[in-house]
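Chains as they are written, first to last, in this note's numbering: chain A, 42 to 374; chain B, 485 to 705.
It should be emphasised that the hints constitute simulated quantities derived from the structure, not laboratory data. Certain hints may be false.
[Said to hold, decoys possible] In silico contact screen, one side only, chain A against chain B (beta carbon under 7 Å); selected entries: (1) I111; (2) R162; (3) V165; (4) R167; (5) H170; (6) I176; (7) E203; (8) R207; (9) P217; (10) Q234; (11) G247; (12) G254; (13) D262.
[As the list claims (entries may be wrong)] Pairwise CB distance ranges, derived in the manner of DEER restraints: (14) A:D359 x B:N616: 28 to 36 Å; (15) A:K190 x B:G693: 26 to 34 Å; (16) B:E506 x A:D153: 49 to 57 Å.
Predicted, not measured: the structure shown is a model, and the values here were computed from it. Where is the CB? At the ideal position from N, CA and C, for every residue including glycine.
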Amino acid sequence: MTLREFISDRLDRLLLQAVCAAVAAFFLRATGTQSGVLVILFLALLLFFSGVQLADFLRQRARLRELTAILNGLDEKYLFAECIPSPRNLYERRLFDLTRTAERAMTSAVSDARAAQGEYREYVERWVHEIKAPITAAQLICRELDGEKRRKLTGELARIEEHVERALFYARAENPERDCIIRHTDLSEIAAQAIGNHRTLLIQSGVRVETQGLDCFVYTDGKWAAFILGQLLQNAARYRGEGPVVSISARPLGKQVQLTVADNGIGIPAHELPRVFDRGFTGSNGRARGGSTGMGLYLCKKLAGSLALGLNIASEVDAGTTVTLTFPAKESL
Amino acid sequence: MPKIIIVEDDPAIREELALLLENEGYQASVVTEFTGVPEQVLRAAPDLILLDLGLPVRDGMSLCADIRRSSRIPIIFVTSRDSSGDELRALSLGGDDYITKPYNIPVLLARIRAVLRRSGGPAEPDTLEAGNLTLHLTRGTASAGDRSVELTRNELKILAHLMSRTGEIISRADLIDALWDSQIYIDDNTLSVNMTRLRSKLDEIGLPGLIKTRRGMGYQL
Numbered sequence: 042m043t044l045r046e047f048i049s050d051r052l053d054r055l056l057l058q059a060v061c062a063a064v065a066a067f068f069l070r071a072t073g074t075q076s077g078v079l080v081i082l083f084l085a086l087l088l089f090f091s092g093v094q095l096a097d098f099l100r101q102r103a104r105l106r107e108l109t110a111i112l113n114g115l116d117e118k119y120l121f122a123e124c125i126p127s128p129r130n131l132y133e134r135r136l137f138d139l140t141r142t143a144e145r146a147m148t149s150a151v152s153d154a155r156a157a158q159g160e161y162r163e164y165v166e167r168w169v170h171e172i173k174a175p176i177t178a179a180q181l182i183c184r185e186l187d188g189e190k191r192r193k194l195t196g197e198l199a200r201i202e203e204h205v206e207r208a209l210f211y212a213r214a215e216n217p218e219r220d221c222i223i224r225h226t227d228l229s230e231i232a233a234q235a236i237g238n239h240r241t242l243l244i245q246s247g248v249r250v251e252t253q254g255l256d257c258f259v260y261t262d263g264k265w266a267a268f269i270l271g272q273l274l275q276n277a278a279r280y281r282g283e284g285p286v287v288s289i290s291a292r293p294l295g296k297q298v299q300l301t302v303a304d305n306g307i308g309i310p311a312h313e314l315p316r317v318f319d320r321g322f323t324g325s326n327g328r329a330r331g332g333s334t335g336m337g338l339y340l341c342k343k344l345a346g347s348l349a350l351g352l353n354i355a356s357e358v359d360a361g362t363t364v365t366l367t368f369p370a371k372e373s374l
Numbered sequence: 485m486p487k488i489i490i491v492e493d494d495p496a497i498r499e500e501l502a503l504l505l506e507n508e509g510y511q512a513s514v515v516t517e518f519t520g521v522p523e524q525v526l527r528a529a530p531d532l533i534l535l536d537l538g539l540p541v542r543d544g545m546s547l548c549a550d551i552r553r554s555s556r557i558p559i560i561f562v563t564s565r566d567s568s569g570d571e572l573r574a575l576s577l578g579g580d581d582y583i584t585k586p587y588n589i590p591v592l593l594a595r596i597r598a599v600l601r602r603s604g605g606p607a608e609p610d611t612l613e614a615g616n617l618t619l620h621l622t623r624g625t626a627s628a629g630d631r632s633v634e635l636t637r638n639e640l641k642i643l644a645h646l647m648s649r650t651g652e653i654i655s656r657a658d659l660i661d662a663l664w665d666s667q668i669y670i671d672d673n674t675l676s677v678n679m680t681r682l683r684s685k686l687d688e689i690g691l692p693g694l695i696k697t698r699r700g701m702g703y704q705l
């Protein structure tokens, strides 16, 4: 608050005082007070009024600064009303009470929304576990069918599984601290798990998978890393070209480990590349092919953030796409 | 015949799994009453327990801890709970392996074999024989009479799979499937290349035409 703001705020009061002074001066003059006395009286009055106003200004400004400092110090700004100092006068008390009531209504709305979100997340997780039982049973029953039908049904079941996994990890990514356990993990096991989970899609798409240098350990959550790798394998199979090959290779990079997943697929146009990690972005390939959800890479990015995993993508149309995952060193976790 | 007991509350999975295991040459039994599971399991004295986590009455984790108090029978958890935390806890309670649903059937069977082998079941044979042909799995060679030839890992697995099902016609798709189980991730073209090389190697040791091609159906030994 500046002095000018303060004055313009109190202009009506100051004008009233000026008018009162003028009326008093006129009355005193009419009743025969000498003009010298009047001037002295006027100056004394001016000095007194200005002093009072200035003190008021300084007090208000200090108060506002104090409240601003409290607000700035808060991580959760909406808790401001709980942290304000005790009121100095009736007016402040009433104002603070109003603020506090409003804040409480807001906090309870926020916590209701959080609880609802948590419940929904729990429901999704439970649902995912429930749906896995019939999928498992269907897979076992499928085995009794003849070759061609079995292959087709297995393929469809694998697609259901992919969607279910994405839903699960979408729910998990919302609060990673609950499910994510970073451990010293064998990279070759992560790769075997990811390849195993998507083998139906890969085999039926005629993809050859080459692995190289995976016999090393990384610091990560194996399940989450396998999910990320799985999304990359799915993309490689979906957007494949002629004679599809995916190569998964790892090499140490100082204390970090760099995992490269390279395919020889149809590639991504350069102008779409910066947006592939955006939620719901399907791009020209996804639109041309259909069935793209725009969720896979978005989830990869989100999960990678929780794992402190570097995630980079490079691609060339008609040549292929290369995704690099950089696993962090132990020290940086 | 190793005896496997299935503790699983979903009837469809339970029955199909028992059927699958029996087809694979195991003796399978199921638990259908979920009170007093540890006693039932111990009375059955199986060689392996397949244990679900989410069970009525008592959770699989506490059942595992209970069974472990009096027995070292190998336990494989088979569950739809797939967080790292659940897996860590299950293994620290004495589980031997942890497989998540929906599982890949060949993978499940391979893990069952591995756990049974670790727990001192019959060792897998080191050699396979079919007619004149002997396959040495650890050495990676095939021999007939006094002639012998070295095989690559892919060729070895292809031949081993054909030899384990002598007389059967094995489709290319099934063969590829079986190779993927052994972490050989090849496609149709690579299979053809490997097959040609394998045949010429068998030719070298005097077994031309051992692997027959059944047009439109697959291969047969």
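Kindly confirm whether 26 to 34 Å is satisfied by the beta carbon distance between K190 (chain A) and G693 (chain B). Roughly 33 Å apart at Cβ, these two residues keep to the hinted range, so it holds.
Hint status (Cβ of E203 (chain A) to nearest Cβ of chain B, threshold 7 Å): Violated - the Cβ of E203 (chain A) stays beyond 7 Å from chain B, reaching only about 11 Å at its closest.
Any CB of chain B closer than 7 Å to the CB of I111 (chain A)? 40 Å, violated
Do D359 (chain A) and N616 (chain B) keep their Cβ atoms within the hinted range of 28 to 36 Å? 50 Å, violated
When the least beta-carbon distance from V165 (chain A) to chain B is tested against 7 Å, hint result: 14 Å, violated
Restraint outcome when G254 (chain A) is required to lie within 7 Å of chain B by C-beta distance: Violated, because the Cβ-Cβ distance from G254 (chain A) to chain B comes to roughly 15 Å (cut-off 7 Å).
Proposed interface contact between R162 (chain A) and chain B, which counts if any beta carbon pair is under 7 Å: Result: violated, 13 Å to nearest chain B Cβ.
Taking the beta carbons of E506 (chain B) and D153 (chain A), is their distance inside 49 to 57 Å? 53 Å, holds
Using the nearest Cβ pair, does R207 (chain A) come within less than 7 Å of chain B? Nearest chain B Cβ about 14 Å off; hint violated.
Does the nearest C-beta of chain B fall within a distance shorter than 7 Å of the C-beta of P217 (chain A)? 11 Å, violated
Minimum beta-carbon distance criterion (7 Å), R167 (chain A) to chain B: Constraint on R167 (chain A) not satisfied, violated at 10 Å.
Interface restraint verdict for Q234 (chain A) against chain B (beta-carbon cut-off 7 Å): 9 Å, violated
Of the numbered hints stated above, those contradicted by the structure are hints 1, 2, 3, 4, 7, 8, 9, 10, 12, 14, listed in ascending order.
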